[in-house]
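Undergrad: Listed here are the chains, written in short residue letters.
Number of protein chains: 2
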Amino acid sequence: MVFDPQDNIFMLAGPVKIHPRVLQAMAVPSIGHRSPEFSKVNEDIKNLTKYLFQTKNDVIVLSGSGTAGMDAAMSNLLKKKDKALAIDNGKFGERMGQLAKLYGDATIIKADWGKCPDIGKIEETLSQGDIKVLAMTHNETSTGFTNPAEEIARLCKKYDTIMVMDGITSVGGIDVPVDKWGIDICITGSQKCIAAPAGLALMSISQKALNAMYDDTSYYLNIKKHVKKLRDDNQTPYTPAVPLHLALREALTMVKEEGLQNRIKRIKNIAEACRAAVEAMGLEILPEKKYASNTVTAIKYPPGIEDKDIRGVLKKQYGIVIAGSQAPHKGEFFRIGHMGNVQIRELIPTIAALEVAFNKAGFKIKNGAGVAAIEDYM
Amino acid sequence: MVFDPQDNIFMLAGPVKIHPRVLQAMAVPSIGHRSPEFSKVNEDIKNLTKYLFQTKNDVIVLSGSGTAGMDAAMSNLLKKKDKALAIDNGKFGERMGQLAKLYGDATIIKADWGKCPDIGKIEETLSQGDIKVLAMTHNETSTGFTNPAEEIARLCKKYDTIMVMDGITSVGGIDVPVDKWGIDICITGSQKCIAAPAGLALMSISQKALNAMYDDTSYYLNIKKHVKKLRDDNQTPYTPAVPLHLALREALTMVKEEGLQNRIKRIKNIAEACRAAVEAMGLEILPEKKYASNTVTAIKYPPGIEDKDIRGVLKKQYGIVIAGSQAPHKGEFFRIGHMGNVQIRELIPTIAALEVAFNKAGFKIKNGAGVAAIEDYM
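For the record, the sequence lines run as chains A and B. Sequential numbering from 15 applies to the first sequence in the working numbering. Sequential numbering from 15 applies to the second sequence in the working numbering.
Isolated chain A (complex conformation) (with noise of 0.2 Å):
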């Protein structure tokens, strides 16, 4: 069959399938950002975002990705003189420590994919007492590893250190009580575990980070400009993009309407079914079990069996899309995202195609087996 990128079940790490509601939201003719009209749905979702991180903070939206949150961040908050310590345990963590060496002055901690940064390391670093900031990553992407947020965010709180942390594919779909755990600078993107569109930056920013902020080290992504506009008119101080606001609207209405903790318990009811799957087909995960994340599994390929025989053959011939790995890791494992809409009734098939799949490039697992584990757990 030839792929049909309209009609195609869609189980990528992020971007995730959107809701027709939030398509028809986007689509509507242009309206000015500068009037009461917009201003109406700046307010609609600063109060959703609100909702969705459970904070009392200021929060913003960028127009720009993830990485324009994170980049935001670390460059609102850093100068050269800065001590920063970041944790890289994938792809995205990695890039949490390529900003903190590019605006401040990095320490990096390094665990290799799937494995948890050594918490020892990290208190002893920030004990020293002059970090700045802490930048991290929630939820890898990467790696299907979720790190130990809270663990972090009471060192920071100890050490009285600012936390940046990349929520991007956490909130939403694993539980982040911002408030709660004390995170300063809470980041995420558009088109993961809320499902709208890609495009945008969403952040909560503590009174504590806002006060340790310059001035005069960015302009596009200067957060305090940021804050003080939606504070003060529901506005942007630069033009927003227009329709993914308005999907973004309606995408947090869905949360809301969902209820963000039934949201949070469908994902892990998904990433537990996905989990025994993998397993009863005798394949392994990546990441250490305990911190295997409920928004992306990382299944490892068993030795000789390419990527592009099963990934290549689930989009091709039956019209499902789930990711492969990243660079350096390129081909050692596949990633099943399952955040934003996604339903049980849509990893069922990709398990299946997965199996003959498996079964076509010469690893053998009796049919049925991960399909069933998954309705045992049904």
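Simulated from the structure, these hints should not be mistaken for lab results. It is possible that part of the hints are untrue.
Since copy identity is lost for identical chains, a pair holds within one copy or between any two.
What the hints assert, rightly or not - No farther apart than 25 Å at their CA atoms in a straight line, the calculated lysine to any residue pairs in the SDA-like style are these: (1) K115 - P251; (2) K270 - D189; (3) K97 - D229; (4) K54 - R35; (5) K329 - S49; (6) K329 - G345; (7) K304 - R168; (8) K329 - I388; (9) K115 - K243; (10) K124 - K304; (11) K329 - D247.
Starting from the known structure of chain A, arrange chain B on it as the hints suggest.
TA: Frame of chain A, contents of chain B only:
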């Protein structure tokens, strides 16, 4: 009547009305931005953007507003030691000046809103020989003034200065032959003359500009990374705003179908008709006549006429949206945008409604005078 944001005559100086074809192209299910399907989208956009800019230079699309493009140009080219010259005769020239000051060692040449900057002074400053970057706004959206870009480009070439030009409300509506004039970096925004939704910055970048860029001054807005990814793989370094790219491809396709020079001619005709109407109504445009913009007409309020009695009436009573003036000249004039897909059939009721509103507000205009001038022009 109650203003209907989805059904009105929309004559802002950007955003502009969006064609249904473009809305439809945007509102499709997610596609993976690392897929071959999306690389094809990027490749199409690349070729169409080169056509738009009349250039063989590299082009890129940033997921961010036009200001993100201006920020990218300036932050990639300047460190504090680098001298920059910015021309400021309006809101967006002022922004270029702010960027030049933020990132470099800036000289600002100012002129009043609606007045031409002193070309002699520009040449004198450039002739010092150590100005790395000249930054200017081509079409000053805030004042309906088109700066003499070709003349200034000639000076930049003469003194070997990199020219960064904000062409946000000119490219696609006013002739901007990037290669012929020798503009090193030209920036436009998606929501202006090309009539796509807001949220993307399109840029052309000369090899000379690329050679002069730093690697360690930006991250999300790093131009060299964007150029390299697009050259090598038709990809972007970070997640792009996918729906906006799909919309952009369709909007640029429509520009090509119309023909760039035909489009520029159409816009010029509407501008001339608009100026004829303004004169017939006994009103005055803000800028010196020879610099009047073809994409936006700024019209002074006669003494005693308040903005709300004109724009408010147009919007609330007739469902016609025009723009006001920005700080520090709020309330002093109003602006009619006539770029993108606007047609003379939309200008006519706008002028008619203005006649009614001005009469009601106490500034007497013979009913039909402006419309008659348009008909004469037609």
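Undergrad: Hint by hint, say whether it matches the structure.
TA: Status of the hints after comparison with the structure:
For the identical chains of this complex, K115 and P251 are inter-copy neighbours only, at 18 Å across copies versus 28 Å inside a copy, given an alpha-carbon limit of 25 Å. Taking the shortest alpha-carbon separations for K270 and D189, only the intra-copy value of 14 Å comes in at or below 25 Å, while the best inter-copy value is 48 Å. When the C-alpha separation of K97 and D229 is checked against a cutoff of 25 Å, the pair qualifies both within a copy, at 18 Å, and between copies, at 21 Å. Taking CA atoms no more than 25 Å apart as the test, K54 paired with R35 passes inside one copy only; the shortest distance there is 19 Å, against 27 Å between copies.
For a Cα distance limit of 25 Å, the shortest separation of K329 from S49 across copies, 11 Å, qualifies, whereas the shortest one inside one copy, 44 Å, does not. Proximity of K329 to G345 under the C-alpha cut-off of 25 Å is restricted to the intra-copy arrangement: shortest distance 16 Å within a copy versus 57 Å between copies. For the homomeric pair K304 and R168, the shortest alpha-carbon distance inside one copy (20 Å) is at most 25 Å, but the shortest distance between copies (65 Å) is not. Taking the shortest Cα distances, K329 and I388 sit within 25 Å of each other inside one copy (22 Å), while across copies they are farther apart (57 Å).
Taking CA atoms no more than 25 Å apart as the test, K115 paired with K243 passes between copies only; the shortest distance there is 22 Å, against 30 Å inside one copy. For the identical chains of this complex, K124 and K304 are intra-copy neighbours only, at 19 Å inside a copy versus 62 Å across copies, given an alpha-carbon limit of 25 Å. Taking the closest pair of Cα atoms, K329 and D247 come within 25 Å of each other only across two copies (20 Å); inside a single copy the shortest separation is 46 Å, beyond that limit.
Hint compliance for this structure: every hint is met.
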